[in-house]
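S.K.: In the order they appear, the protein sequences are chains A and B. Quick note on my numbering: the first sequence kicks off at 156 and runs consecutively. Quick note on my numbering: the second sequence kicks off at 156 and runs consecutively.
Among the hints, a few may not be true.
Intra- or inter-copy, both count: the list cannot distinguish identical chains.
SDA-like, lysine to any residue: derived pairs with alpha carbons at most 25 Å apart [unchecked claim]:
id: 1; residue 1: Lys310; residue 2: Arg299
id: 2; residue 1: Lys252; residue 2: Ala229
id: 3; residue 1: Lys289; residue 2: Ala264
id: 4; residue 1: Lys289; residue 2: Ile173
id: 5; residue 1: Lys245; residue 2: Ala213
id: 6; residue 1: Lys304; residue 2: Ala264
id: 7; residue 1: Lys245; residue 2: Asp218
id: 8; residue 1: Lys310; residue 2: His174
No lab work stands behind these hints: they were computed from the structure. Please read all numbers here as calculations on a predicted model, not as lab measurements.
Number of protein chains: 2
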Amino acid sequence: MASTSPEPAAADETIDTIHIRRLECSDHERGFVALLSQLSPCPDLTTSVFATRFAELAAQGDDHIILVAEDPSASDRRILATGCLFVERKFLRGCGKVGHVEDVVVDAAARGRGLGLRIVRRLVEISRDAGCYKVILDCTPELRAYYAKCGFVEKGVQMAVYF
Amino acid sequence: MASTSPEPAAADETIDTIHIRRLECSDHERGFVALLSQLSPCPDLTTSVFATRFAELAAQGDDHIILVAEDPSASDRRILATGCLFVERKFLRGCGKVGHVEDVVVDAAARGRGLGLRIVRRLVEISRDAGCYKVILDCTPELRAYYAKCGFVEKGVQMAVYF
Chain A
156 MASTSPEPAA
166 ADETIDTIHI
176 RRLECSDHER
186 GFVALLSQLS
196 PCPDLTTSVF
206 ATRFAELAAQ
216 GDDHIILVAE
226 DPSASDRRIL
236 ATGCLFVERK
246 FLRGCGKVGH
256 VEDVVVDAAA
266 RGRGLGLRIV
276 RRLVEISRDA
286 GCYKVILDCT
296 PELRAYYAKC
306 GFVEKGVQMA
316 VYF
Chain B
156 MASTSPEPAA
166 ADETIDTIHI
176 RRLECSDHER
186 GFVALLSQLS
196 PCPDLTTSVF
206 ATRFAELAAQ
216 GDDHIILVAE
226 DPSASDRRIL
236 ATGCLFVERK
246 FLRGCGKVGH
256 VEDVVVDAAA
266 RGRGLGLRIV
276 RRLVEISRDA
286 GCYKVILDCT
296 PELRAYYAKC
306 GFVEKGVQMA
316 VYF
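Make a model of the complete structure from these sequences and hints.
M.R.: Following this line, the structure appears as structure tokens:
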């Protein structure tokens, strides 16, 4: 599933102490993988394996953006939330581009503070600014209302084959 | 919408005269863009613009594959059907990969011959062989049964913001 487990409801979205920024390779030490494991099975990765995948994704430049939320005042600066956007280039729509939002998750202890919504809204802005004609995501039916707060409307069904 | 307008029902899937292959830049002259316009608004592209986007996608190697169906015996060798697969690299699932099927369309005059299913099944095989842990697509609810023939099951809802 592309996007599940953000906080169920957003309350205060003006928490200025929380910083939203792009993923850095050193975030491996700040619990980034453990955070993802709240969304999907996610064995820990060695520093080397993490760095290799980080470099692969970084090579895509602004076509692949992972945002993270951190509290700079926290002693461990653990990652509290994350969301990913990648840009798909098509031929249709005049060589149009589509933003895909994936892997949105907020740490269980940090939910209800609007961090997920801040990240998703930022990813939508980035998609628009990149010239995408739309941005899409897949989620469980229960999260329809959550993503509606970011302007998303239901468009279809997601189908999958698991190997 | 990611994947609509393949043929509504597949009959004979053993039409050996139809060849499934990867998109070539010269397919611009074989009605590839006009075929896509049966799926989504798709203004014609100059040869130069088409070639530029083709090169961008070709640079992704096997992470971006567009298959097309053609009848080699036809005089104009027009493209009869197409489907796209791109591979997303993640951190979760042990640096897992996900296949995304997009832009499946069969020419209105060639529907009912199983071309869409042949292409989608091939894209599923490619995803599996590439080591993806799943392959996903978005479609309209009416196409659930169609994609079920390729092993897809419904997993969630697709949400979108259009700009």
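S.K.: Run through the hints listed earlier and report the numbers of any the structure violates, in increasing order.
M.R.: 2, 3, 4, 8
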